[in-house]
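Single-letter residue listing:
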Amino acid sequence: MTGYGVSSRSRRVRFQASALAAVAAFGLSLLADAALAQSGSGGPSPELIAAAKAEGTLTYYHTTAIDPTAVWTAEFTKKYGIKTQNVRGPSYPLFERWLTEERVGQHMADVVQITDTVLIESAHKEGLVADYIPPSGSGIRPDMKKEGVWYTLFVNAMGIAWNSTKVTPEEEKLIREGGWNVLTDPRWKGRIATGTPASGGSSYSYVYMFLGGKRDQFGPDFVAKMAALKPQVYESKSPMYDRLAAGEHAIVDQASQSDMGGLYQKGAPIRWVFPKPTPANLTVQAISAKAPHPNAARLFQEWATSAEGQAAWFKVSGVASARPDTVDPRKAAKADWYREAWYADPEDLYINYLNDPGYTDPEKPIIGEWNQIFGR
Amino acid sequence: MSVSATAPALKADDRPIDYASMRRRRRGFVLPLVLGGLLCVLVLVPIVLMFVGSIRTGTFVDPRAQFSLRSLTTVYTTLPFLTSLAVTVGASLLVSFIASLVGIALAWLLARTDMPAKGLMENAVIAPLYLSPFVGALAWLILASPNAGLLNVLARDLFGATGPILNVTTATGIILVMALYNVPYAYMTVSAALKGMDPSMEEASYLNGAGTLSTALKVTFPVVRPSIISAFFFVFVLTCGTFSIPAALGGTQAMPFLAVDIYRSVATYPINYARAAAIGTLLFWISLIGVAFYRYASRIATRFVTVTARGYRMRLVKLRGWQLPAMLLIVAYVTLAIILPYLALLYVAFTSFTSSSILDATFTLANIQSVVGSVAVRQSIGNTLLVGILAPTLCVLLGVIIAYSIRRLRIRGAGALDYIAMFPIAVPGIVFGTGIFWTYLMTPAYGTIWILVIAFVASYIPFAYRMVDTSIIQIDKSLEEASAVCGASHWRTAWQVTFKLIRPGILSAWILVFIFSVREISAAILLASPSNKVLSVMSWDYLEFGNVQNAAIIGLLQTLILVAGVIVSRYVLRIRLSQAT
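Each protein sequence line maps, in turn, to chains A and B. Under my numbering, the first sequence has 268 at position 268, and the numbering climbs by one with no breaks. Under my numbering, the second sequence has 555 at position 555, and the numbering climbs by one with no breaks.
There could be a bad hint or two in this list.
[Said to hold, decoys possible] Residues from chain A shown here face chain B by an in silico Cβ test under 10 Å; the list is partial:
1) T100
2) P142
3) T165
4) K189
5) G190
6) V233
7) Y241
8) K266
9) E363
10) E369
[As the list claims (entries may be wrong)] Capping the alpha-carbon separation at 25 Å, the derived lysine to any residue pairs in SDA-like fashion look like this:
11) A/K225 to B/R503
12) A/K166 to B/A161
13) A/K125 to B/A161
14) A/K166 to B/L151
15) A/K266 to B/A366
16) A/K230 to B/A171
17) A/K189 to B/R64
18) A/K125 to B/F60
19) A/K225 to B/P146
20) A/K125 to A/K276
21) A/K79 to B/A161
22) A/K125 to A/D356
23) A/K83 to A/S45
24) A/K79 to A/K125
25) A/K230 to B/A332
26) A/K166 to B/A155
27) A/K214 to A/P93
28) A/K266 to A/A289
29) A/K189 to B/A254
30) A/K189 to A/V155
31) A/K230 to A/P357
32) A/K166 to B/N167
33) A/K79 to B/F60
34) A/K166 to A/D356
35) A/K166 to B/F60
36) A/K125 to A/Q372
37) A/K290 to B/T74
38) A/K125 to B/S569
39) A/K266 to A/T168
40) B/K500 to B/S569
Bear in mind the hints are in silico, worked out from the structure with no lab data behind them. Quick reminder that beta carbons are idealized off the backbone N, C-alpha and C, glycines included.
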């Protein structure tokens, strides 16, 4: 996933050019947005930088893939000379461990990343999350932050992916034009795989659209038809993508841009579409209330929400940004999958569910319902 | 030597060295209390915390948690868990049966027949120990998943096979892969018994006209039967707690398995620590029954004194026409357990993505470069080496002290110590890891490399203790008595005679714990933090992100470390793992 065969320097140049082009293209409203972002990000104060440098290090609990995250945090280290200790874990176990450590006074993490905003807000209520408004945070889209608590690092849109060597051209046409209902087609019996919403984060948000937010449109009937195809169910989605690329499965759902893009770059015969509406999930981060390096944590949060930090994330992982003023440089250059005839950006992102009572219910009832339908 | 003298394990009679009075004079209560206290903290506290955890509704520090019997009741009385239990026990019995059968056959062939190249063969048979079972399962997934497994695709392309010829994502597949990686344990136990057995009994059988088969069945088999039983239950207990192989080969979809249920309880929503702990207690009881059988059998098995001042010569069975089939058996085993998995891992390590068609794959060095260039990987190599040296050293040291105190000093409470030291074998790594987590959460050891060292010492003390103990029992006391009669002091006898004689046992134990510590994954995942990441955790993390390439490279790196360690011990310390029991 690291590097797309373009030197970082030329990528940066291209990014700057494309960012400008994007701003021009998106018109006044975005310009205003971008201006807002610019005005807010006069950059971190020299005092904060000095205090953070004095602390010298930062511990980052994250759920994103190891190597891309390391490449990304290395940009932060390069800029400020502050080393980061990255600890990766699966979303829920990592979060529970952080909770436990905080509760007993073993303060290790400075910044915590998670794909479940409900959990981070409950931790905030418990007083475990620091209140801090990074100046750059003003540039983050309003529905992608909870001011002072968590800020979105990136947006993960999820669609349907297929292995082009395992489907016929007619089937490919069907997938590209059939919308979500294509997932219930009996032809996929024994050829399809999916991920359990119990693994949390993006899988939960994805299934929530079908059983919660858009229940009228899809609902249990839709899920039951999918379950009838006896898909292989993965606890973790990434191994599922690997098996899709290998040809174990012909088609999978919950396909995210970053993972599919990564496999595409490696030459895997993978294609993907974003049917409407497209469920999206936020990967967010918050500062631990008792962070052992509070200033480094603030500086990191500031950098992560800045146009520069978000663009740096783009370089390692092709996903939608939480800032309107950062655009994927590949897109502007019509590079990689953007040049493919089958590819289209998601048009109707489903993201406004974060405060739905059904979504925030700590019991997460749709997981039980999904388990029941899938007989698990 | 006609009949092996049985060492009266805990009987105190007719010995010139008055261990009893020495014990009274020097030890009293201090040593048993110190050892007992140490074992309690290392072993009992984490287990007790598991039991307490099963009746809490949340973690120990969750302000909303209360006491409740709900999880215990659910796990012990409802159908999904009881089904899981039945399948776990049934599958583990099958795994032990298959692994023991193959292990016995291989041990007999290599210890009692005129097979050629025995040294090489023996190294090949125990070589699967150098591959983490988790990475082995990953390799088999690449080789034999139904649609994209390399073997199945080859069969389809070359021979026009229509369906999968091998499918490891089924219950049968999981059982066979688990059996494959347990053969070395069965082999080592039975092989040690065969090598230690007095061949004059078989000689007598041949002299009286019995054939090879009837000698094997009527003399050899009954004598090594206790070690076969102990091997069987040892593999059974290990299998019951195995989490990585069934998890990697399709989770609970292919076959319900208690250890996988535990992982699901702590890693997927709704997170339920009480249920994980309750399943842990269920597994604990099952394993405890297995340990009781294992303990009983291994006590009988090791009652024979085999290290004496007298020498003997082994008579080998001539295989003649059977040599080829016997060779084929070994070659088949080695192909399945080592050659194919390593080819699969090497293939994946050099491809840009996992392609099921070898001909269409694009090869690259980028994965190797990214792994070698990764700071996290370099740190975890250092940590792995550190843990790999510290954990077995401390573990074996403790094992020697316990075994010597129990067997030779015969301290008070020896029976209880013996039991406690064997407990951790009954607790699956993933449960024991949780117990260790809670035990050390509020101590300075938390988050450092030391918590891993403590976890591994506690987890593997049964192996170290049992192996050293076995070596001590097998020492003919007359050797120590001779030293005492010649005027050597107690400690001089211990140092110059006892420890010298059990040195192979000590070093074999060290190597075994070294291998376990480098490969261990379940507890290490739970205890990982920035300063103590080890390679096994890295491979798990990579696999979780679908980066099979890097996970395979890390698995190969682990093998390199293990082989290097074993070569050092083989050629520098002149110790072979196959001498282990």
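Hints and how they fare:
Because the beta carbon of A/T100 sits about 6 Å from the nearest beta carbon in chain B, less than 10 Å, this interface hint is met. Because the smallest distance between the Cβ of A/P142 and any Cβ of chain B comes to about 28 Å, over 10 Å, the interface hint for this residue is violated. This hint holds: A/T165 has a C-beta 9 Å from the nearest C-beta of chain B, less than the 10 Å allowed. Taking 10 Å as the C-beta cut-off, the interface hint given for A/K189 is violated, the closest approach to chain B being about 13 Å.
A distance limit of 10 Å between C-beta atoms decides the matter here; for A/G190 the minimum to chain B is near 9 Å, and the interface restraint holds. The beta carbon of A/V233 comes within 6 Å of a beta carbon in chain B, closer than 10 Å, and the hint placing it at the interface holds. For the restraint placing A/Y241 at the interface with chain B, the shortest Cβ-Cβ distance is roughly 5 Å, inside the 10 Å limit, so the hint holds. Here the hint on A/K266 is kept, as its CB sits about 4 Å from the closest CB of chain B, short of 10 Å.
Annotation: A/E363 was flagged as interfacial toward chain B, and the flag holds, the nearest CB pair being 7 Å apart, inside 10 Å. This hint is violated: A/E369 has a C-beta 13 Å from the nearest C-beta of chain B, more than the 10 Å allowed. Restraint check for A/K225 and B/R503: not satisfied, since their Cα atoms lie roughly 65 Å apart, outside the 25 Å limit. Our distance criterion of 25 Å between C-alpha atoms is met by A/K166 and B/A161, whose separation comes to about 17 Å.
At most 25 Å may separate the alpha-carbon atoms for a hinted pair to count; A/K125 and B/A161 exceed this at roughly 60 Å. Between A/K166 and B/L151 the alpha-carbon distance is near 18 Å, which keeps this suggested pair within the 25 Å criterion. A C-alpha spacing of about 10 Å is found between A/K266 and B/A366, which places the hinted pair at or below 25 Å, so the restraint holds. Simply put, A/K230 and B/A171 have alpha-carbon atoms about 17 Å apart, close enough for the 25 Å limit, and the pair holds.
Only pairs whose Cα atoms come within 25 Å are accepted, and A/K189 paired with B/R64 is rejected, the gap being roughly 44 Å. A hinted pair counts as satisfied when its Cα atoms are at most 25 Å apart, and A/K125 with B/F60 qualifies at roughly 19 Å. At roughly 24 Å between alpha-carbon atoms, A/K225 and B/P146 fall within 25 Å of each other, so this suggested pair holds. Among the hinted pairs, A/K125 with A/K276 is inconsistent with the structure: their alpha-carbon atoms are about 35 Å apart, more than 25 Å.
Of the supplied pair hints, the one linking A/K79 and B/A161 is violated, its CA atoms being roughly 57 Å apart against a limit of 25 Å. This hinted pair checks out: A/K125 and A/D356 have alpha carbons roughly 18 Å apart, not beyond 25 Å. Proposed proximity of A/K83 and A/S45 is supported: the alpha carbons are some 19 Å apart, at most 25 Å. Of the pairs offered as hints, the one joining A/K79 and A/K125 is violated, with about 33 Å between alpha carbons and a cut-off of 25 Å exceeded.
Between A/K230 and B/A332, the direct Cα distance comes to roughly 35 Å. Violation of the 25 Å bound is thereby established for this hinted pair. For a cut-off of 25 Å, the pair hint linking A/K166 to B/A155 stands: about 18 Å separates their Cα positions. For the proposed pair A/K214 and A/P93, the alpha carbon gap of about 29 Å is over 25 Å, so the pair is violated. Restraint check for A/K266 and A/A289: the C-alpha separation of about 40 Å exceeds 25 Å, so the hint is violated.
Only pairs whose Cα atoms come within 25 Å are accepted, and A/K189 paired with B/A254 is accepted, the gap being roughly 17 Å. For the proposed pair A/K189 and A/V155, the alpha carbon gap of about 31 Å is over 25 Å, so the pair is violated. About 31 Å separates the Cα atoms of A/K230 and A/P357, which puts this hinted pair outside 25 Å; it is violated. Between the alpha carbons of A/K166 and B/N167 the distance comes to roughly 19 Å, so the proposed pair stays at or under 25 Å and holds.
As the CA atoms of A/K79 and B/F60 are separated by approximately 41 Å, the hinted pair breaks the 25 Å bound. Between A/K166 and A/D356 the alpha-carbon distance is near 39 Å, which puts this suggested pair outside the 25 Å criterion. For a cut-off of 25 Å, the pair hint linking A/K166 to B/F60 is broken: about 50 Å separates their Cα positions. About 32 Å separates the Cα atoms of A/K125 and A/Q372, which puts this hinted pair outside 25 Å; it is violated.
A threshold of 25 Å between alpha carbons decides the hint, and for A/K290 with B/T74 the separation of about 38 Å lies outside it, so the pair is violated. Between A/K125 and B/S569, the direct Cα distance comes to roughly 56 Å. Violation of the 25 Å bound is thereby established for this hinted pair. Only pairs whose Cα atoms come within 25 Å are accepted, and A/K266 paired with A/T168 is accepted, the gap being roughly 22 Å. About 17 Å separates the Cα atoms of B/K500 and B/S569, which keeps this hinted pair within 25 Å; it holds.
Of the numbered hints listed earlier, those contradicted by the structure are 2, 4, 10, 11, 13, 17, 20, 21, 24, 25, 27, 28, 30, 31, 33, 34, 35, 36, 37, 38.
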